[in-house]
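Asks: Next come the chains, spelled out residue by residue.
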Amino acid sequence: MKHFRKELWFKTSQRRTFINITDQVQTCIAESGIQEGILLCNAMHITSSVFINDDESGLHQDMEVWLEKLAPEKPYSQYLHNSFEDNADAHLKRTIMGREVVVAITNGKLDFGPWEQIFYGEFDGKRNKRVLVKIIGD
Amino acid sequence: MKHFRKELWFKTSQRRTFINITDQVQTCIAESGIQEGILLCNAMHITSSVFINDDESGLHQDMEVWLEKLAPEKPYSQYLHNSFEDNADAHLKRTIMGREVVVAITNGKLDFGPWEQIFYGEFDGKRNKRVLVKIIGD
Amino acid sequence: MKHFRKELWFKTSQRRTFINITDQVQTCIAESGIQEGILLCNAMHITSSVFINDDESGLHQDMEVWLEKLAPEKPYSQYLHNSFEDNADAHLKRTIMGREVVVAITNGKLDFGPWEQIFYGEFDGKRNKRVLVKIIGD
Chain A
1 MKHFRKELWF
11 KTSQRRTFIN
21 ITDQVQTCIA
31 ESGIQEGILL
41 CNAMHITSSV
51 FINDDESGLH
61 QDMEVWLEKL
71 APEKPYSQYL
81 HNSFEDNADA
91 HLKRTIMGRE
101 VVVAITNGKL
111 DFGPWEQIFY
121 GEFDGKRNKR
131 VLVKIIGD
Chain B
1 MKHFRKELWF
11 KTSQRRTFIN
21 ITDQVQTCIA
31 ESGIQEGILL
41 CNAMHITSSV
51 FINDDESGLH
61 QDMEVWLEKL
71 APEKPYSQYL
81 HNSFEDNADA
91 HLKRTIMGRE
101 VVVAITNGKL
111 DFGPWEQIFY
121 GEFDGKRNKR
131 VLVKIIGD
Chain C
1 MKHFRKELWF
11 KTSQRRTFIN
21 ITDQVQTCIA
31 ESGIQEGILL
41 CNAMHITSSV
51 FINDDESGLH
61 QDMEVWLEKL
71 APEKPYSQYL
81 HNSFEDNADA
91 HLKRTIMGRE
101 VVVAITNGKL
111 DFGPWEQIFY
121 GEFDGKRNKR
131 VLVKIIGD
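Protein chains in written order, with my numbering: chain A, 1 to 138; chain B, 1 to 138; chain C, 1 to 138.
So that you can see chain A by itself, here it is in the shape it has in the complex (with noise of 0.2 Å):
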């Protein structure tokens, strides 16, 4: 059994977004010369997400009204988390929207239907986090 393992960087501009990273999850399957198998990415931080979805920005906009509906941001003071932080509402939406994926790798590919794509969802950003890739097989 090969195994393999990267963190991917992320330092986002904005408290709250979504980036593709999809292309750097498949190279991550290259660099582990691994062709079956299983590949688990997640969020290394409680305040954001690794998660499965549409690459299509009007869906991305209508999640980000549908977290803060759910969980909205403000007022920081409806969050007992929030004594010395403010990031409580990062917390609810990971949950929400999940920490982790596990993949099938199939012939050294992410074994997806067609419009499957590995977004990174930050929810408390401007500063240095990371996603986890590990890929254990054969």
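Any given hint could turn out to be false.
Each pair may be met inside one copy or between any two copies, as identical chains are not told apart.
[Unchecked claim] Here are the computed lysine-lysine pairs in the DSSO-like style, where the Cα-Cα straight-line distance is at most 27 Å: (1) K109 - K69; (2) K69 - K11; (3) K129 - K6; (4) K109 - K2; (5) K6 - K109; (6) K6 - K126.
Calculated from the structure, these hints are not laboratory results.
Chain A is fixed; fit chains B and C onto it per the hints.
Replies: Relative to chain A, chains B and C alone:
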């Protein structure tokens, strides 16, 4: 390390429905010959879901009502994604229900608690869509 | 490929609570002798959750309030599932929080970012319930 891959295909008659796929997934394990390992089961489409919960019809109706409250289908015009499509709500519903499940295989069986069952959750049906089963182990 | 399996048991005194199980999961890795691989940790019951977030009591209280807003326990009669039971809300809360986490193992340790901690999330407690830890790797 052995590996196994199979697609399960679905075409539902309704826009939204839940289908119990536990037996089909267990059959994949038997076909794979894998006794100890990890199974990934994921929707290959971004408007459907694979999730684990109870096979109880009242709960499934509760989930339908609940998802419609959190991410309503109509009016279609409330979502920017719906300029050429009408399925933005399906992307959001699938986000809540999740894309995938990862399950342990022990002694050649799904290593499940007493009520765990695997479901395909369709949120934009009436067309051919796929679920991927990938297994690695020995 | 090595494999390891262990059940962790819980009986909470409250209907809902979060328990930090990071140390118990790390102990499983030590017992397994696996240095590089993938760890699955999942609730074996459909009214509880395993998730990764911050070990901060204010945030946990925020999550309790937030989950009650998104999927309220009462009135019990609002859910069809509650004809013989009263835990429909627990099924929905667990859906938001997630059934499982998948974690990388690197050099015999949980490969975690600075604040990642694993929690058992109980939404229908006061009885014996289980979490499964399954590890594969070398």
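Asks: Just pull the numbers of the violated hints for me, sorted ascending.
Replies: As far as the earlier hints go, only 1 is violated by this structure.
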